[in-house]
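A.B. asks: Chain by chain, the residues run as shown.
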Amino acid sequence: MKLLYFAWIRAKIGMAEEQVTLPPDVRNVGQLLDWLASRGGNYAAALKERSVVKVAVNQEYVAADHALQPGDEVALFPPVTGG
Amino acid sequence: MISIKVQSEDFDISAELAALSAGNTQIGGIASFTGLVRDIAGPMATASSMTLEHYPGMTEKQLSAIAREAMERWPLDACLIIHRFGRLMPGDRIVLVATASAHREAALSSCAFLIDWLKTKAPFWKLEDDGSEQRWVAAKDSDDEAAAKWAAETRSD
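Residue numbers (numbering that gives the first Met the number 0), protein chains in the order written: chain A, 0 to 82; chain B, 0 to 156.
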């Protein structure tokens, strides 16, 4: 699965994207965030304020209970500030 | 007609507005909003800039979706959104939203709707640099409230 990070989440994690293989018990977006945060260090710091982390799967906004598929493109980013 | 452009280069407002109504004499009015980079450092600072990051692919998808929503909610003939990314300086144009319709009410309302929704849905992030430090711009509650107002108006219709 491809993970993309943007803005200060990218800066805190220290990379723009990575390829990951999820453990079998990580089935939805909320579980993915828990699993990433459990890696500690930069991940825990970037995902500390869980309520402000937005998630898009295949470029559509999704909620924490959204089920993940192996080929998904999952993006994590803070609230948007364009316009 | 929907036109979405995500680009680093500047745009020419009068050329864009002229193109929006070209060949369609049913259009009675065009409403537009242009967003500019505000100088955050103040007149005493030596340098100030803003860098806009975005999510290529999702940006175009989200902008197209909100433009389609506007076309469904108002009787529009054309709708244009141009949003820049990359490093911009105070006074630079960031965004242009324009809507064309037979009558002004549809054009003006849908233009306001588009910029309100764009601010809360389009995946752009601003990094401000006042010459001494860089800071990610925080999302404003007032932007969420402005966008939510349009959802509330739909429900009360």
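Note that these hints are calculated values from the structure, not bench results.
Errors might be hidden in some of the hints.
What follows is a list of derived Cβ distance ranges for each label pair [what the hints assert, rightly or not]: (1) VAL19(A) - LEU35(B): 34 to 44 angstroms; (2) ALA17(B) - LEU21(A): 48 to 58 angstroms; (3) PRO55(B) - LEU21(A): 18 to 28 angstroms; (4) ALA10(A) - GLN25(B): 22 to 32 angstroms; (5) LYS1(A) - HIS102(B): 14 to 24 angstroms; (6) GLY70(A) - PHE10(B): 16 to 26 angstroms; (7) LEU35(B) - PRO78(A): 17 to 27 angstroms; (8) PRO69(A) - ARG67(B): 25 to 35 angstroms.
Not close to chain B: a few residues of chain A, all C-beta gaps over 12 angstroms, as computed [as the list claims (entries may be wrong)]: (9) MET0; (10) THR20; (11) PRO23; (12) ASN27; (13) GLY39; (14) TYR42; (15) ALA43; (16) ASN57; (17) GLU72.
Some chain A residues flagged as far from chain B (calculated, every beta-carbon gap over 10 angstroms) [what the hints assert, rightly or not]: (18) VAL19; (19) ALA55; (20) ALA62.
Think of the CB as a built atom: it goes at the ideal place given N, C-alpha and C, for glycine as much as any other residue.
A.B. asks: Each of the hints needs a verdict: does it hold here or not?
C.D. replies: Evaluation of the provided hints:
no.	hint	in the structure
1	VAL19(A) - LEU35(B): 34 to 44 angstroms	holds, 40 angstroms
2	ALA17(B) - LEU21(A): 48 to 58 angstroms	holds, 51 angstroms
3	PRO55(B) - LEU21(A): 18 to 28 angstroms	holds, 25 angstroms
4	ALA10(A) - GLN25(B): 22 to 32 angstroms	violated, 49 angstroms
5	LYS1(A) - HIS102(B): 14 to 24 angstroms	violated, 46 angstroms
6	GLY70(A) - PHE10(B): 16 to 26 angstroms	violated, 36 angstroms
7	LEU35(B) - PRO78(A): 17 to 27 angstroms	holds, 22 angstroms
8	PRO69(A) - ARG67(B): 25 to 35 angstroms	holds, 30 angstroms
9	MET0	holds, 16 angstroms
10	THR20	holds, 23 angstroms
11	PRO23	holds, 28 angstroms
12	ASN27	holds, 20 angstroms
13	GLY39	holds, 23 angstroms
14	TYR42	holds, 18 angstroms
15	ALA43	holds, 19 angstroms
16	ASN57	violated, 9 angstroms
17	GLU72	violated, 9 angstroms
18	VAL19	holds, 18 angstroms
19	ALA55	violated, 6 angstroms
20	ALA62	holds, 15 angstroms
The structure fails to meet hints 4, 5, 6, 16, 17, 19 from the earlier list, while all remaining hints are met.
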